[in-house]
Structures are given as C-alpha cells and as structure tokens.
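Student: The chain contents come next:
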Amino acid sequence: MAVIEISDLCYSYPGSKVKILDGLALDVGKGEIVAVIGKSGCGKSTLLLTLNRLIPTSLGGKLTGSIRINGKAIHGRSTAELGREVQIMFQNPESQFFSFNVRDEIAFGLENMNLSPDEAERRADEVLSQFKISHLENRSVEELSSGEKQLVILASLMAMRPDVLVLDEPTANLDPVQTRRLMKLLKEINRMYGMTILFSEHSLDFIEVADRVLVLENGRLNEYGGDGCGDVCLSSGRQVLKKSKGGRKKTVLEVEKLHCSYDLRPVLKGIDFELERGDFAGLVGFNGCGKSTLALNIMRLLKPDAGKILFDGQDVTKEKTCEIAKSIGYVFQNPDYALFENRVRDEVRFGAKNCGIENGKLNSNVRQIALALGIAHLLDRDPSNLSVGEKRRVNIASVLAMDPKIIILDEPDTGLDRLTSLKLMSYLAKLNKESGTTVLIISHNLELVDGFCNKKIFIENGKVSGIADYYARIAEASR
Amino acid sequence: MMKLYEYYNADSFIHRMNPVIKLCWVVAMTFLVFSTTSLRYLLFIFAIMLLSITISKVPFRMLTDYLKVFLFFIIATYVTVFLLSWASFYIGAVFLIKIIILILVVVLFTLTTSKKEFLISLIKMKIPYSFAFALMIAIRFLPTVLKEVNSVVAVQRTRCHRITFNILKPFESVMSYVPIIIPSFIIIFKRAFELFLSAESRGFSPRTYERKKLHVCFGDVLAVSFLLLLVVGSYFV
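Here the protein sequences come in this chain order: C and G.
Note that the working numbering numbers the first sequence so that position 407 is 407, with each residue one more than the last.
Note that the working numbering numbers the second sequence so that position 50 is 50, with each residue one more than the last.
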C-alpha cells in the first residue's frame, strides 16, 4: 500500500505565475526510502513542504492537486495534526532548536502531542539510547557539534513516531564519516520501524541509501538514470590538474607551527603546510577539526596563539585583515553574509573599490569575471532575488574582482546541485590554469577534492596528517 | 565566557522548588533590598543568600565568575558614591552589599531554574504569551544572532570594508554600518522564519505550556513562610 500518494500536484509561490511543481505525481510505498534530486531551485524543498501542508498554510501560494498520506487526503488538515504522520527535518539544524538542552528538545514535540508525562519520558529515554546520545541528555544545544545537532533533531522527530520521515538535504553540514553514519542510521530506522523515508539530496554518496532515486525537473518527477555529466566535468578537472603541476614553482603561502585556541579549547596544535603558485589544494577533515579556524587565522580574523603565516615569504601574522584580503580572497560558506547592495554590479565592485582598484580597470575586470562566471546577465539585478547558486557566483566574483593571488573557498558546493558545483569548480580550475591563481577549497565533497585538487591537506587532532588516514577513516565508516 | 542565562544541573532543595515561588523570591528580595537602608538587615539577607547557595549545590566559583564580571560596575558605583562625600562611606557600603545581593539572587535563580521552568512560571504568573515567548526566544537566540552578526562583520572585513566612526562625518559613519546591518537583518529574519516552520511542523502551541502543572512541595511552603518573615522583619528594622 502506498503511504504517500501524490497526483497532479501544481504549485506556484505567492506573487508568481511560474509553476514550480507542475502536474507532479508520486507514489511511495510503506517502508520505502526515496531520494529526490535535481538542480538547485528546481522545487525539491517545495515538494517536501507540501507533505505536511507548511505549503500552502504557512508559506501561501497556489496549490492544486491531491496529496494522500496513509490513504487520507491531507487537504483541510492542519500541520500540527499531520505531525503524527509526517515529520520534516530541515537543512539547517541550528535554526530548528526551540529548547535549551537536548532532553527538552526531544520532549518538545512529545509535549505538543499531549502525551502523558510518563509516556513522553519513556519515549525520550528510548530515542536517547537508540541514537546513542544519552550522554548528551543534559547538554546545552549551543555546545553541540553540527553532527550532534543533526542527530538530536532527528531523534526528536523520531520520538514522535511519524509514519513518514522527510529530510531536506540532510548531509549539507556533515563530513563524509558523519554522512555514512547517518546513512546507517536511516537504514536502521527504516528496518526497525518500517519507516517510509523521503529525502532531497545533492550528495551522490548519500543517495545510495535510497531504494529509488527520482529527478525533479520542470516541476515533475522522473526516474533517475544517471546523466554522466559529472564525469565529463571531472575529467576536465583532472586535465587542468596535470597541466598546472608542470607550471608551479614558487611557494606563495607557508603556515608554520600554527597554534590557535577557540573558546579556550586548543583547536590548531602546530599546523604546518605550504601552497605553491598554481596549486589547486583541498583542505579536508572531519567536522570540528579546525579547517575553518585555520582559514580564519590565515585571514587574520582569528589571532593565532603561536606560529607563523608567510605570504610570498613575508610574515603576515600581524597584518590587518584588510591588508591580507588584498592578496588572499576568502569566500564564506553562506553567500547571504556578504550581499547588501541593490545591484549585482555594485556588489561585485564593493571589495575591489575598498582595495583602491581604479575605476577603469575595475569596470573591465567586472565584465570579464561576470562573463567567465556566467553572471553577466545578472549585473543589474537585485542580489537578494537570486538563487543560491547565483548568489555564490556573485560572492566569488566580488572576491575575484579584488585580484587576489590566492582564493580560499569554504565549502564551495553548499546549496548547489552537482552540475552547478562542478561548473563552478571547472571555472576555478580554468582560472587556476590561466592566471596561476592558487586555489584552496575547504570541502567535505570527495568528488570535488579528488577530481580537482592536486594537493590535499588533511587536518586531524589539530595537526596535518597523511591523507591516506582520511580515506581509511571514511572506508572504515562505510563498512 | 559569561552566558546570558546559565543553568546548573543538580538535584537540590532549591532546584526542586516551584519556579513561580522562586520567581516570587527574586521579586520580593529585590523589593526588600531596595526598601531597606539597614546594614545589619542587609548582612542578614546576605547570610541567607550564602546559605541558599550552599543548599543549592551550585559551586561558589560559578557565582563569583558573575560577580567578577560585575566587579568593575560594583567598584565604580562604590567609588562614585564614596567620592561624593566622606560621610557617604556608610551609604557606599550599603549600596555595595545591595548590588552584590541582587546579583546573587538573580544568578542563583537562573542557575537553579531551567529556562523551560522559567517560561512556564512566567505564563503561570499571567504574563502575556507574546511577552513570555519573545523573552525566551530572545534568550535562546541571542548567541545565534551574535554569531551571525560576527560572521557578517568578518565577511565584510575580508572585503576590505572598514567601519568608521567620526563625529564630524556622521553620514559617512552611519553608512559604514550598512554592509553589516542589511545582511545581518536578512540572516536573522531567515533564521526566525526557519524556526517558525520547524515549530509549526512539530505541532507547537503555546497552550502546551499553559497545561503544564507545577507542584507545590513542603519546601515551597517553608520558603514562602520564611519570605513572609523577612518581609515582616523588614518593617521593624
């Protein structure tokens, strides 16, 4: 029997005539795990939000067609009422915490279900032990790592024992080991409760957990057959890698015995590595290992406890961020942190103008970069109305316009579909090859790191370790 | 780093007390401390506070951490009062003890009352939902908001942006905050909306908290009786 039955589903957002879902049909059987993939902005999250009527009740818009859960039409039912049947885990666990400690968070949904205190206690204890998070029970949610946060949210949803579990890009903030742990956990949940699971995802590794993979395109779902596009992009990346290997000579960035503490906890305990001109390097490591802390140290956004950072042989450890940013560009994970201008053109020019690059040169630079990144047609648009992929390219363009010698990108594929992230990486590879710009990406995405990087730096326990250990740990988690 | 609202998990008489009664204690203590000028009475209340801390099993170190943070404020107040006149030495000492007691009362309350109990007690005291929830969400989200604003500042610094403050150029000074304020607001609104969606999908209703029952135990009766004695006692000193 189908647990989810969707037929002829059409939806357009308030104020828009574009149907993001257009005659969509889907049947998901009991105990089935189904993955929905598709380009960024194709409507994956929209589809998921229709299942508990957050669309249209909370987000508005025009929804037509039929959705039945357990054979009953959901039309006219409230989100709270549907909560017993469908639970959604959103992409960012940070903004889903309503309570202050783990136990209260797990109890939150149970209290809303009006369960007796004894039953609520029993269920909370059950999920705490099932998810092996009993040791976190009294911890403040603010102190948890991103992997733990995700686990707690998942546990709090499972305590409500829904029939359908919906996950919106669950691996967006997870490293490969945690991704594999989540895969195992979902399989276990599915086996133990016969739980129906529907999730949207960009990670190729993660969709292996699904019984069925569907592609959302033009508002409809089709069975996934594999398009081979990624292979083409990856092979071009490898070509770039071969060529760039021959051209590089000079060391541009050296990090020597770098120590740094964060919240009184030592995070970096003697980092040593160097980047040469033309390197395309990948900085990898598990959640909380200090990758971003290292990048923030390089940009002097954090002060190191000890050690040196040399750029072109000169110690920049005591330089100001504004000075370092003229040579080292840093692209943050969340593009929204930067965007504030009314036009994309002004946003791209912002950093370069602050650097004192003269207008004539800047205008031609902006045009070239916009063309190369495929955002030339967006230059007069309002950045806040762009898709995540477009915003990210605007971010990168604004950093490139500052003409840096090194560009550091923190999780460049966050929020991007596979094709868009591969396109973006191909552009960076081209830039790296043609202008010799050194690129350092901080990423959990093994496809990008393996496909594009000629140098891999693995951080573990605050130090640089052999990359073989990284792959060994991932292989171990997969078993 | 000092936290805005820190809870110390322990099983003690004070932890088990009804949060509404604890909140009444805070209000009554504030009233008593401000209404008296008797140094002896204040020292007596201070001794009660020390006893309460011992009973609560909260390490003294946690409370002294808070006192250290306020130390500058405490000393500055004392010096200011002291400098006004030599005769105000006594008033300065009274003022100093008043501030220390108030800090101890409030911090002991937060350390022994979970935020959820605090929320329920506010609702039980007929504080409007909108105010009680706004307060709790603000406490819950303040660290997140600060983190996001710091990230925005960091991003703009990597784009060579400098925040300027020049009293002679007020317009320029205000404009230098625009690249920080706009993205910060956008991010905070997004986070708030995500929280709303998450709460909705988990069937949240403020009524859930109204239905919660708070029990009154023997300890609460004892605490209320003692509080009444203190109030009556303050009339005679």
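No wet-lab data here; the hints were simulated from the structure.
Hints may be right or wrong, so weigh each one.
[To be verified] Dumping the calculated PhoX-like pairs for lysine-lysine here, alpha-carbon to alpha-carbon at most 25 angstroms:
(1) G/LYS190 with G/LYS169
(2) G/LYS147 with C/LYS17
(3) C/LYS430 with C/LYS455
(4) C/LYS250 with C/LYS308
(5) C/LYS303 with G/LYS147
(6) C/LYS303 with C/LYS463
(7) C/LYS62 with C/LYS72
(8) C/LYS353 with G/LYS169
(9) G/LYS190 with C/LYS62
(10) G/LYS124 with G/LYS68
(11) C/LYS19 with C/LYS269
(12) C/LYS184 with C/LYS326
(13) C/LYS250 with C/LYS17
(14) C/LYS257 with C/LYS187
(15) C/LYS433 with C/LYS250
(16) C/LYS187 with C/LYS326
(17) C/LYS39 with G/LYS98
(18) C/LYS320 with G/LYS68
(19) G/LYS169 with C/LYS19
(20) C/LYS39 with C/LYS423
(21) C/LYS463 with C/LYS423
[Said to hold, decoys possible] Simulated restraints, written as ranges between beta carbons of each label pair:
(22) G/ILE181 with C/LYS269: 45 to 51 angstroms
(23) G/PHE196 with C/GLU143: 55 to 61 angstroms
(24) G/SER35 with C/ASN287: 37 to 43 angstroms
(25) G/ILE127 with C/TYR224: 49 to 55 angstroms
(26) C/LYS250 with G/ARG61: 34 to 40 angstroms
(27) C/GLU434 with G/ILE181: 47 to 53 angstroms
(28) C/THR57 with G/SER130: 18 to 24 angstroms
(29) G/VAL106 with C/ARG181: 29 to 35 angstroms
(30) G/ILE182 with C/ASP380: 15 to 21 angstroms
(31) G/ILE182 with C/ASN287: 45 to 51 angstroms
(32) G/ILE127 with C/ASN342: 39 to 45 angstroms
Computed from a predicted structure; not experimentally measured.
Just so it is clear, CB atoms sit at the ideal spot from N, CA and C, and this is done for glycine as well.
Student: A separate judgement is required for each hint: does it hold in the structure or not?
Tutor: Checked hints:
1. G/LYS190 with G/LYS169: Distance ~33 angstroms between G/LYS190 and G/LYS169 Cα, so the pair is violated.
2. G/LYS147 with C/LYS17: violated (37 angstroms)
3. C/LYS430 with C/LYS455: holds (17 angstroms)
4. C/LYS250 with C/LYS308: holds (18 angstroms)
5. C/LYS303 with G/LYS147: holds (17 angstroms)
6. C/LYS303 with C/LYS463: holds (17 angstroms)
7. C/LYS62 with C/LYS72: holds (21 angstroms)
8. C/LYS353 with G/LYS169: Within the cut-off at roughly 20 angstroms; holds.
9. G/LYS190 with C/LYS62: Status holds; Cα separation ~22 angstroms.
10. G/LYS124 with G/LYS68: violated (34 angstroms)
11. C/LYS19 with C/LYS269: Outside the cut-off at roughly 53 angstroms; violated.
12. C/LYS184 with C/LYS326: Distance of about 45 angstroms is beyond 25 angstroms: violated.
13. C/LYS250 with C/LYS17: Violated, at about 55 angstroms.
14. C/LYS257 with C/LYS187: Judged against 25 angstroms, a Cα distance of about 43 angstroms means the pair is violated.
15. C/LYS433 with C/LYS250: holds (15 angstroms)
16. C/LYS187 with C/LYS326: Distance of about 48 angstroms is beyond 25 angstroms: violated.
17. C/LYS39 with G/LYS98: Answer violated: C/LYS39 to G/LYS98 is near 63 angstroms, above 25 angstroms.
18. C/LYS320 with G/LYS68: Judged against 25 angstroms, a Cα distance of about 32 angstroms means the pair is violated.
19. G/LYS169 with C/LYS19: violated (50 angstroms)
20. C/LYS39 with C/LYS423: Holds - the C-alpha atoms of C/LYS423 and C/LYS39 are around 12 angstroms apart, at most 25 angstroms.
21. C/LYS463 with C/LYS423: violated (32 angstroms)
22. G/ILE181 with C/LYS269: 45 to 51 angstroms: Violated - the Cβ-Cβ distance for G/ILE181 and C/LYS269, about 37 angstroms, lies outside 45 to 51 angstroms.
23. G/PHE196 with C/GLU143: 55 to 61 angstroms: violated (24 angstroms)
24. G/SER35 with C/ASN287: 37 to 43 angstroms: violated (53 angstroms)
25. G/ILE127 with C/TYR224: 49 to 55 angstroms: holds (53 angstroms)
26. C/LYS250 with G/ARG61: 34 to 40 angstroms: violated (53 angstroms)
27. C/GLU434 with G/ILE181: 47 to 53 angstroms: violated (38 angstroms)
28. C/THR57 with G/SER130: 18 to 24 angstroms: holds (21 angstroms)
29. G/VAL106 with C/ARG181: 29 to 35 angstroms: violated (42 angstroms)
30. G/ILE182 with C/ASP380: 15 to 21 angstroms: Because 19 angstroms falls inside the window, the suggested range holds.
31. G/ILE182 with C/ASN287: 45 to 51 angstroms: Since G/ILE182 and C/ASN287 have Cβ atoms about 30 angstroms apart, the given range 45 to 51 angstroms is violated.
32. G/ILE127 with C/ASN342: 39 to 45 angstroms: Holds, at about 42 angstroms.
The structure fails hints 1, 2, 10, 11, 12, 13, 14, 16, 17, 18, 19, 21, 22, 23, 24, 26, 27, 29 and 31 (numbered hints given earlier, in ascending order).
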